[in-house]
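Protein chains: 2
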Amino acid sequence: MQMNDMILVSVDDHVCEPPDMWDNHVPAKWKDRAPKLVTKDDGSNLWVFEGGQIPNVGLNAVAGRPPEEYGMEPTALSQLRPGCYDVDARVDDMNANGVLGSLCFPTVPGFVGELFGRKAVEGETELAITMLRAYNDWHIDEWCGKHPGRFIPLAIPPMWDPERMGEEVRRVARKGCHAITFADNPGALGYPSLHDAHWDPFWKACSDEGTIVCIHIGSGTRLAMQDMGAPIEIMIAGTPITLFNCATELVFSEALQKFPSLKIALSEGGIGWIPYFLERIDYVHHHHHRWTLHDFPKGKKPSDVFREHVITCFIDDAAGVRNRDLIGVDNITWECDYPHSDSTWPQAPEKLWASLAGVPDADIHKMTWQNTTRHFQYDPFAHIPKEQCTVGALRAKAKHVDLTPRVGGGGKKPSDYAKGYCTIGDVVKQMAFALSTPFDSSKGGR
Amino acid sequence: MQMNDMILVSVDDHVCEPPDMWDNHVPAKWKDRAPKLVTKDDGSNLWVFEGGQIPNVGLNAVAGRPPEEYGMEPTALSQLRPGCYDVDARVDDMNANGVLGSLCFPTVPGFVGELFGRKAVEGETELAITMLRAYNDWHIDEWCGKHPGRFIPLAIPPMWDPERMGEEVRRVARKGCHAITFADNPGALGYPSLHDAHWDPFWKACSDEGTIVCIHIGSGTRLAMQDMGAPIEIMIAGTPITLFNCATELVFSEALQKFPSLKIALSEGGIGWIPYFLERIDYVHHHHHRWTLHDFPKGKKPSDVFREHVITCFIDDAAGVRNRDLIGVDNITWECDYPHSDSTWPQAPEKLWASLAGVPDADIHKMTWQNTTRHFQYDPFAHIPKEQCTVGALRAKAKHVDLTPRVGGGGKKPSDYAKGYCTIGDVVKQMAFALSTPFDSSKGGR
Numbered sequence: 046m047q048m049n050d051m052i053l054v055s056v057d058d059h060v061c062e063p064p065d066m067w068d069n070h071v072p073a074k075w076k077d078r079a080p081k082l083v084t085k086d087d088g089s090n091l092w093v094f095e096g097g098q099i100p101n102v103g104l105n106a107v108a109g110r111p112p113e114e115y116g117m118e119p120t121a122l123s124q125l126r127p128g129c130y131d132v133d134a135r136v137d138d139m140n141a142n143g144v145l146g147s148l149c150f151p152t153v154p155g156f157v158g159e160l161f162g163r164k165a166v167e168g169e170t171e172l173a174i175t176m177l178r179a180y181n182d183w184h185i186d187e188w189c190g191k192h193p194g195r196f197i198p199l200a201i202p203p204m205w206d207p208e209r210m211g212e213e214v215r216r217v218a219r220k221g222c223h224a225i226t227f228a229d230n231p232g233a234l235g236y237p238s239l240h241d242a243h244w245d246p247f248w249k250a251c252s253d254e255g256t257i258v259c260i261h262i263g264s265g266t267r268l269a270m271q272d273m274g275a276p277i278e279i280m281i282a283g284t285p286i287t288l289f290n291c292a293t294e295l296v297f298s299e300a301l302q303k304f305p306s307l308k309i310a311l312s313e314g315g316i317g318w319i320p321y322f323l324e325r326i327d328y329v330h331h332h333h334h335r336w337t338l339h340d341f342p343k344g345k346k347p348s349d350v351f352r353e354h355v356i357t358c359f360i361d362d363a364a365g366v367r368n369r370d371l372i373g374v375d376n377i378t379w380e381c382d383y384p385h386s387d388s389t390w391p392q393a394p395e396k397l398w399a400s401l402a403g404v405p406d407a408d409i410h411k412m413t414w415q416n417t418t419r420h421f422q423y424d425p426f427a428h429i430p431k432e433q434c435t436v437g438a439l440r441a442k443a444k445h446v447d448l449t450p451r452v453g454g455g456g457k458k459p460s461d462y463a464k465g466y467c468t469i470g471d472v473v474k475q476m477a478f479a480l481s482t483p484f485d486s487s488k489g490g491r
Numbered sequence: 046m047q048m049n050d051m052i053l054v055s056v057d058d059h060v061c062e063p064p065d066m067w068d069n070h071v072p073a074k075w076k077d078r079a080p081k082l083v084t085k086d087d088g089s090n091l092w093v094f095e096g097g098q099i100p101n102v103g104l105n106a107v108a109g110r111p112p113e114e115y116g117m118e119p120t121a122l123s124q125l126r127p128g129c130y131d132v133d134a135r136v137d138d139m140n141a142n143g144v145l146g147s148l149c150f151p152t153v154p155g156f157v158g159e160l161f162g163r164k165a166v167e168g169e170t171e172l173a174i175t176m177l178r179a180y181n182d183w184h185i186d187e188w189c190g191k192h193p194g195r196f197i198p199l200a201i202p203p204m205w206d207p208e209r210m211g212e213e214v215r216r217v218a219r220k221g222c223h224a225i226t227f228a229d230n231p232g233a234l235g236y237p238s239l240h241d242a243h244w245d246p247f248w249k250a251c252s253d254e255g256t257i258v259c260i261h262i263g264s265g266t267r268l269a270m271q272d273m274g275a276p277i278e279i280m281i282a283g284t285p286i287t288l289f290n291c292a293t294e295l296v297f298s299e300a301l302q303k304f305p306s307l308k309i310a311l312s313e314g315g316i317g318w319i320p321y322f323l324e325r326i327d328y329v330h331h332h333h334h335r336w337t338l339h340d341f342p343k344g345k346k347p348s349d350v351f352r353e354h355v356i357t358c359f360i361d362d363a364a365g366v367r368n369r370d371l372i373g374v375d376n377i378t379w380e381c382d383y384p385h386s387d388s389t390w391p392q393a394p395e396k397l398w399a400s401l402a403g404v405p406d407a408d409i410h411k412m413t414w415q416n417t418t419r420h421f422q423y424d425p426f427a428h429i430p431k432e433q434c435t436v437g438a439l440r441a442k443a444k445h446v447d448l449t450p451r452v453g454g455g456g457k458k459p460s461d462y463a464k465g466y467c468t469i470g471d472v473v474k475q476m477a478f479a480l481s482t483p484f485d486s487s488k489g490g491r
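Residue numbers (my numbering), protein chains in the order written: chain B, 46 to 491; chain S, 46 to 491.
The set of hints was computed from the structure by calculation and includes no laboratory data.
There is no bait here: all hints are sound.
Straight line, CA to CA, 35 Å or less: simulated DSBU-like cross-link-like pairs of lysine-lysine:
no.	chain 1	residue 1	chain 2	residue 2
1	S	K345	S	K303
2	S	K474	S	K458
3	S	K343	B	K464
4	S	K346	B	K458
5	B	K249	S	K457
6	B	K396	S	K346
7	B	K249	B	K191
8	B	K343	S	K464
9	B	K474	B	K458
10	B	K249	S	K458
11	S	K396	S	K464
12	B	K249	B	K346
13	B	K457	S	K249
14	B	K474	S	K303
15	S	K396	S	K431
16	S	K345	B	K457
17	B	K464	S	K303
18	B	K442	B	K431
19	B	K464	S	K345
20	B	K396	B	K444
Between the sequences and the hints, there should be enough to build the whole structure, so can you do that?
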């Protein structure tokens, strides 16, 4: 097997929503209240919803920009690579990167639709569910629907009402969507914790429909921003491992015992720490269960529960690949993270292939596409002949795709930072600036 | 090589301070204000200092109790195994476990002397430094001094004053102590962060003296107690990995660049996650440094900086041992964690030997004693012939040590817990109870 023979399906990419996304899915009566993309005096874009601002921040959409210009500054849609928001351009970018399939997380609504959830808390539940369903319909019918076989649809749930969450799971399942987001720490968003029976209607619907619950980093647990004087790398490096706690919560939760077929995907969590994690939870259970009185049915170990229920993924993670036997090679999937700053686009095949040195073909296929197609009920070959799905075949179709970095002049000099390098405090200041400066609503809209 | 041929030196154990520890080291004028062990009406013991209560909590000293009786209830000294607080009994327990050497962290003063630090903040700096020095003198002269070759002394620093920290590093170094504690997140204790030049006098003294800075889990970063309804296992399982953030902070800090010979030990952090950690920090540096403008001298990678400065340790960690080449086998040390609940006492050699299957003798020696003796300037063989230092030789001297569990009747029934198993909330309630119930000071003292 050669690099070009791989089939790559990514379980974690991101869509930067296009300005027209609300056009076809919001009923006339609610149209005026849909989120709108506006242009500020400085030329940057931001979304406005119910008076609140949602800036585009740079690290969310840096694919194709020179690394010198990455950053958290607010950006204009015109600075972004069209693949961030235009699905035809996205498929071109996937082809150029040899990627067959992609599951895309939302940006503007938040990972679990917090934008709408906040309105529900204020009593505007009909506005909230209307916008949320419009989002899911756009995502499934337009973003994923336009290029059959190329996307795995992913819905967002109405977090404020577990019964409605269950209904939405069943509604989108009828439209062919078998993945939905959830928060790694719902308590941090003001909801009951993972250990509350409150969520049972949601778990039950997911279990009934075979819908995968996708828990993305940053969907509840705060990032490590405790020290404003610390290099920003500290926040970035520690983000994937924030799912360690959620993974523990899941394994020891009653939810997985009540719903034996429930499956959870840890999105952008990485895999290199999982062997340690599994050994640790088994150790803790073994050492402590006789006084804590917490036990698992049928003499299972915590690591058994994890392997039965949890799907992991990685971008580029040689230590995890080396130890795939300790993780469970049937539960490892791959991700590209386009267009975020951790993405390996457009060299994903080259980076991945280097990490796969010495791995048998059967294990490569499991990790790069077979596990994903099985878990997510995703059948690309019903739409595209398999021989056209490989890295080599897809790249051959993308000769016209321009991979030249889009230079925008957004880079920083050491003198731009008080310490000569970017700290967490510098990023917080940039974010606060983006949120606080006014925009001219007369220039709004697209 | 057989199990009995191993030489075991533990870099993380704990002393439960004996009631008489202040007798010989507090000047007469301050004697009345030294911490005192008192007995409550329910028979449990607690320490009192300046009107504040410091209960003994069970998971801190469970060695030799039946696992059914572990818990966070406050305990009486009489319920503890004497090896917790009596150094002769401790050496017996080390022998019974085949352990030659031990570095012991404090209990009553807190990992970094917070008990005294709080008084310094209130203006009582002379009281604070007097008690802190008395503690260090007792620890070095009595606890470690009574059995030459068996202990690696470990001081606590006057965190409220970096100049005084430097002085204390140099003072205890003259007494042969080359290890001192520090907090994984000093900001959480109210001090400046790791990224503040504030600490330079301390780092400089440690660097000059070859003193290892020992950063223990729980020395700043809060434990995962976000959800009162969650099984207590979640808090326990996630504690060692709390050092992930500190490890990142260290690598990207200016301190390690300013003081190239400074060495830090991550105490009770485990090692199985280190391969992932090193790959992650290199990935983040590679992907982001062109916009963050943070760089390392001489083209070093973050993983190089880690291996030059940071010493890791493990209790029982097969995944870490398997991947020791990715960690750096010269920086891995072993620990026993006596008498805490994660300890493998008294079967440490058996548990460890199982994790070492297939490891060459040279690597076993490095991880079990050679790295520790080198880094910590610890030379047991100056006091004890090497052939008497092995697991087999030490255990042969411990035939008289009674290993029968001490049954105390402290176990719980499922009906004692609202959920049928112990939650984080149950433990928090027990702790609050221990702190809030009054004690009869007329019965105080030993």
